[in-house]
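Novice: Residue numbers (our numbering), protein chains in the order written: chain F, 105 to 404; chain Y, 19 to 182.
Because the hints were derived from the structure by calculation, they are not lab data.
These numbers come from a predicted model, not from an experiment.
Be careful, since some hints might not be right.
As the list claims (entries may be wrong) - BS3-like, lysine-lysine: derived pairs with alpha carbons at most 25 Å apart: (1) Y:LYS83 with Y:LYS44; (2) Y:LYS43 with F:LYS189; (3) F:LYS189 with F:LYS367; (4) Y:LYS119 with Y:LYS58; (5) F:LYS189 with Y:LYS41; (6) Y:LYS44 with Y:LYS160; (7) Y:LYS82 with Y:LYS43; (8) F:LYS237 with F:LYS136; (9) F:LYS367 with F:LYS347; (10) F:LYS309 with F:LYS362; (11) F:LYS215 with Y:LYS127; (12) F:LYS363 with F:LYS347; (13) Y:LYS139 with Y:LYS43; (14) Y:LYS127 with F:LYS189; (15) F:LYS215 with Y:LYS160; (16) F:LYS237 with F:LYS190; (17) Y:LYS139 with Y:LYS119; (18) Y:LYS80 with Y:LYS146; (19) Y:LYS20 with F:LYS190; (20) Y:LYS82 with F:LYS189; (21) Y:LYS20 with Y:LYS115.
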Amino acid sequence: MLNGILPDQIFLPIKNKVGFSSINEIRLRANKPIILSIMGQKFFLSENGRTRSLNEAIIASFSMIEEIIFRASECSIYSVNEQIKKGFIVTPNGVRLGLAGNVIEENGFVKTMNTFSSINIRIPHEVKNCSLKAYSSIISDFGINNTLVISPPGAGKTTFLRDFICQLSERNLPYDVLVLDERGELNIGNGLGNFADIISFASKKVGFENGIRSLAPNLIVTDELSEWDDMEAIKYASNSGVKILASTHSDNMESFLKKFAFKEIIDEKIFKRFIVLSMKEGPGTLEGIYDENFNRIMRW
Amino acid sequence: MKWLFLALMFGLCVFVGYFFSMKYKKRLNFYSALILFAQKLDVEINFSRERLKKLIENIDEKTKKNLLGIDNNFLAYLNDNQELTYELLFKNCNILKQDEKEMIFLFFKSLGRTDVIGQTKEIQNFLKRFDDKLNKCLSDNKKYGSLCFKLGIIAGLFIVVILI
Chain F
105 MLNGILPDQI FLPIKNKVGF SSINEIRLRA NKPIILSIMG QKFFLSENGR TRSLNEAIIA
165 SFSMIEEIIF RASECSIYSV NEQIKKGFIV TPNGVRLGLA GNVIEENGFV KTMNTFSSIN
225 IRIPHEVKNC SLKAYSSIIS DFGINNTLVI SPPGAGKTTF LRDFICQLSE RNLPYDVLVL
285 DERGELNIGN GLGNFADIIS FASKKVGFEN GIRSLAPNLI VTDELSEWDD MEAIKYASNS
345 GVKILASTHS DNMESFLKKF AFKEIIDEKI FKRFIVLSMK EGPGTLEGIY DENFNRIMRW
Chain Y
19 MKWLFLALMF GLCVFVGYFF SMKYKKRLNF YSALILFAQK LDVEINFSRE RLKKLIENID
79 EKTKKNLLGI DNNFLAYLND NQELTYELLF KNCNILKQDE KEMIFLFFKS LGRTDVIGQT
139 KEIQNFLKRF DDKLNKCLSD NKKYGSLCFK LGIIAGLFIV VILI
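Extracted from the complex, chain Y is given alone in its bound form (with noise of 0.2 Å):
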């Protein structure tokens, strides 16, 4: 029963650890995932003009996944005649400060708004505030992700050397 029970706490500490390491990681693929989704809406914009619900639609799995359902919560707005909330816009997201949620809320919000030139110009200004993130998450994710980690297994190690 004791040893099932230092199992048990190596293994929450462990878990614990590997949870906020994930974080760091799910942040990482985030900001590369809304760089590549708003590249991809620059030269689409750019050449096809397609309207923007079908652009959105037509997302890569991939990157679908790694936006966190933002890209839903946007087509639920364009579709349903709504008005774009912080609510609505990032349910179920919780890895974002809010100084991130107001840079990527102002480019959702500005997205269909002006002509080819301007939505373009738009979409440039703020991939390099998306650039600017993912460097920062990146040394964050090197820093701290891995760092996150291994503190969970020692400090899990730690409290079943304590308790035997």
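The shape of chain F in the complex, shown without the other chains (with noise of 0.2 Å):
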């Protein structure tokens, strides 16, 4: 997975003696010592797999960082630039390169960013049925609900998207989904089933009009819900009578709600569910699901 892109000082130890599956995160900050997070755990990264010893910790360096962020650009930063003013760098496999640095600001707008100092490597992870014990709530006889999916960083509400996108299309259910892709991070692996058509690297607003316009979806699926233009874009696309699966940060519903951003489409009662995960019990364990009233419906 990122083969070619991570040097062999790290790479072969991961790949030999921890292994990619287990990874949640890679972190490697400028002359500190790289950090594996496996299962909500931290140990440091040593040639012989991971460890708690920091004597024995790969540290990381500044060109080590630069020739990473490098590779992963498919040796291309220009192309990739308007990603990198995000702040993120996503590779062909849909690993997801979080990027911090000196940020260039012309007339209040990122120009780029360099001299990067950390990246914080995601792995995903591909979990097969783990949307399953929420497909009901989501699914009923009149439809799909729209469906709001509530979790911390890292708890696995983008893979509780793709799963659900592929289930969908196991089941052979006659929907047409447009998926969002804004960070490239939806479509991996082995794809989103037969019935998704996906947008990728666009910003919602775009996204939603243009993909509503030319493929006439009946379901959007999107990932990170956050500014007023996606609350915007949420707005339209439910006025266009398109379903929306989509999933923001959060700690849990009492933080949710407090979202200032959310007010208006809370109030419209847009949404009809809300699935609420958290890493309790690792990644993507379901807390609970809540009607449009807050109510509690499910709970585990």
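With the hints in hand, could you dock these two chains into one complex?
Specialist: Shown next, in the form of structure tokens:
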């Protein structure tokens, strides 16, 4: 998955001693030890695999970080500058690299980023059937309920959305799904089934408008709602009669309800179901499902 | 037997002259191809933002031939996750001087490392330097290219006359 992107010094110990399937995140900070996040626990990376000993840890350097970013951009930083401006790069097989470094601003707009000092590599996982427990509350006899998946970062929102799209396809449900893959993280691995059209790297506003007009979807799936523009896009889709499955960052239902940007769409009861995930028993732990009045309709 | 030997000696001298004159021609073709290559990169990076590997793979055959394998060596570096070195980039390329190698090495090393504006400015700067080199190659080729060939013929004839 990260072959040809990570230097051998990092790639080989992970491949041979740890295994990419068990890792959620790899964090590199310049002149600091490389950290692996495995099932919510942190380890240092050493030549012999994972370790708790700082002395054995492999230390990341600025040049190492720069080379990884260069390789992740398929040796063409200029081609991913729009992503870099937003603070990430997505590799062709859907691995997202979050970036930190010096941001160059001009007239209030981010021009680019340089002198990269940190990378957070998020390893995507395909967890088959992880959306099944919530499936019956999203799909009813009357069709699909507009649903928002809520969880803290790294708790499995994207994996949930990806699995749900595949479940629709496996059941041959005749829904035309438009996947608005703003960060290129949804459409990875074995694809998204037979009924999905994918618009990648477009903002939600542009993606929703173009997609609804040209592809006439029944359902739009999108990741990480956060800004005012996203809410406008959601309202536009809802008013156009298109169903929505989306996700957003929040620790739990209480903190989600405090998010000001969502106030209007909550008041208008656009979303009929809220699915809350947590890290309690590892990523993807289903905490509860709520209806549009925030009554818990399922609990685990 | 004597005449055959004389013909061989004459042929050898002409070949040596031709070999040296071709060196000037090759250098001229190389810089023309390098400028074409850099201009193509400049345009494509500006408009299509296509990935470097794809751009290099799509160079036309004539330019590829005149680049003396440098494009393929660079492609190998891009594909194989290895460090870019002089040895790798200039493998099988022996017509360039050390300062030229340094300049071309820096050019290839700068590719793909910055955003579009930075990248195109970098290419433009190198294009100016490549243009200077091309002009020098043009005058060298005019001056010494045909001279070497003619000298080869004259030397051949001279040896033949002496041996007769």
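Novice: Now tell me if each hint is right for this structure.
Specialist: Hint check:
Distance check on the hinted pair: Y:LYS83 and Y:LYS44 sit about 10 Å apart at the alpha-carbon level, within 25 Å; holds. With a C-alpha separation of about 46 Å, the suggested pairing of Y:LYS43 with F:LYS189 is violated against the 25 Å cut-off. In summary, the hint linking F:LYS189 to F:LYS367 is not supported, as the alpha carbons are separated by about 28 Å, beyond the 25 Å threshold. The hinted pair formed by Y:LYS119 and Y:LYS58 meets the criterion: a straight-line CA distance of about 21 Å does not exceed 25 Å.
As the CA atoms of F:LYS189 and Y:LYS41 are separated by approximately 47 Å, the hinted pair breaks the 25 Å bound. Distance restraint check for Y:LYS44 and Y:LYS160: the Cα-Cα separation of roughly 13 Å lies within the 25 Å cut-off, and the hinted pair is therefore satisfied. Under the criterion of a C-alpha separation no larger than 25 Å, the hint pairing Y:LYS82 with Y:LYS43 is consistent with the structure, at around 16 Å. At most 25 Å may separate the alpha-carbon atoms for a hinted pair to count; F:LYS237 and F:LYS136 exceed this at roughly 41 Å.
With a C-alpha separation of about 19 Å, the suggested pair F:LYS367 and F:LYS347 falls inside the 25 Å cut-off, and the hint holds. With a C-alpha separation of about 23 Å, the suggested pairing of F:LYS309 with F:LYS362 holds against the 25 Å cut-off. The hinted pair formed by F:LYS215 and Y:LYS127 meets the criterion: a straight-line CA distance of about 23 Å does not exceed 25 Å. Restraint check for F:LYS363 and F:LYS347: satisfied, since their Cα atoms lie roughly 22 Å apart, inside the 25 Å limit.
This hinted pair does not check out: Y:LYS139 and Y:LYS43 have alpha carbons roughly 29 Å apart, beyond 25 Å. Taking the CA atoms of Y:LYS127 and F:LYS189, the gap is near 23 Å; set against the 25 Å cutoff, the hint holds. Restraint check: the Cα-Cα separation between F:LYS215 and Y:LYS160 comes to about 47 Å, which exceeds 25 Å; the hinted pair is violated. Taking the CA atoms of F:LYS237 and F:LYS190, the gap is near 34 Å; set against the 25 Å cutoff, the hint is violated.
Between Y:LYS139 and Y:LYS119 the CA atoms are separated by roughly 21 Å; this keeps the pair inside 25 Å, and the hint holds. Proposed proximity of Y:LYS80 and Y:LYS146 is supported: the alpha carbons are some 22 Å apart, at most 25 Å. Under the criterion of a C-alpha separation no larger than 25 Å, the hint pairing Y:LYS20 with F:LYS190 is inconsistent with the structure, at around 80 Å. A hinted pair counts as satisfied when its Cα atoms are at most 25 Å apart, and Y:LYS82 with F:LYS189 does not qualify at roughly 35 Å.
The hinted pair formed by Y:LYS20 and Y:LYS115 fails the criterion: a straight-line CA distance of about 41 Å is larger than 25 Å.
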